[in-house]
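Given the sequences, and given the hints that come with them, work out the whole structure.
Residue numbers (the working numbering): 1 to 171.
Worth flagging that the hints you see were computed from the coordinates, not collected in a lab.
Take the hints with a grain of salt, since some may be wrong.
20 Å max Cα-Cα, derived EDC-like pairs, lysine to aspartate or glutamate [as the list claims (entries may be wrong)]: (1) 159 - 96; (2) 65 - 49; (3) 11 - 28; (4) 53 - 28; (5) 159 - 146; (6) 11 - 148; (7) 159 - 120; (8) 54 - 96; (9) 11 - 127; (10) 159 - 148.
Label-pair restraints from in silico Cβ distances [said to hold, decoys possible]: (11) 156 - 81: 29 to 39 Å; (12) 33 - 93: 20 to 30 Å; (13) 134 - 19: 15 to 25 Å; (14) 124 - 145: 30 to 40 Å; (15) 12 - 139: 18 to 28 Å; (16) 33 - 161: 13 to 23 Å; (17) 33 - 78: 26 to 36 Å.
Please read these numbers as outputs of a predicted model, since none were measured by experiment.
Even glycine gets a Cβ: it sits at the ideal position worked out from N, Cα and C.
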Amino acid sequence: MSIKMIAAIGKDNSLGRNNQLIWHFNKDLNFFRDKTLGHHILMGRKTFESLPKKLDGRVNIVLSKKNLEDCCDIICYHNIKDVLSNYFYNENNSEDLYIIGGAEIYRQFLPYADTMYLTEIQAVCNDADTFFPYYDSYDWKRILIDEEKEEGIKYNHVKYLRKGRVYYGKR
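Dropping the structure here:
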């Protein structure tokens, strides 16, 4: 079992604007689908509410203080401790968990992630209001998957593997 993150970020780590993705590249959306299909995905409530519908072919998990269990056949956790107990500390659970946003969820789970799939977009969104958290590149091995260009913007799909052990301490 491992915790993985997947995100599309601009040169300044920008993620979104007004609770929406900034960039919509077909090849990148396919990359996201291919990586997460058949897996458990975890998102915050705002990210969930920004989706047009539940993401099919995946177990949708939402971290929210609000009770969302009656909504759209999802699993809802109310705190990170319960998520970690089920996915990170549970030896009987072999399911990979993909963290798909938003910014606060990425920040909370970064210490536990062993892999990040980042779409590094060679552009900046000047009015972005949401950003991927800082991570020390020294702690990660960067593996270039491919280089793409859509709508005149270059971007790379990159896999990051944590060099050391993931954080196992209690929060």
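Among the hints numbered above, which are violated by the structure, and what are their numbers in rising order? 14
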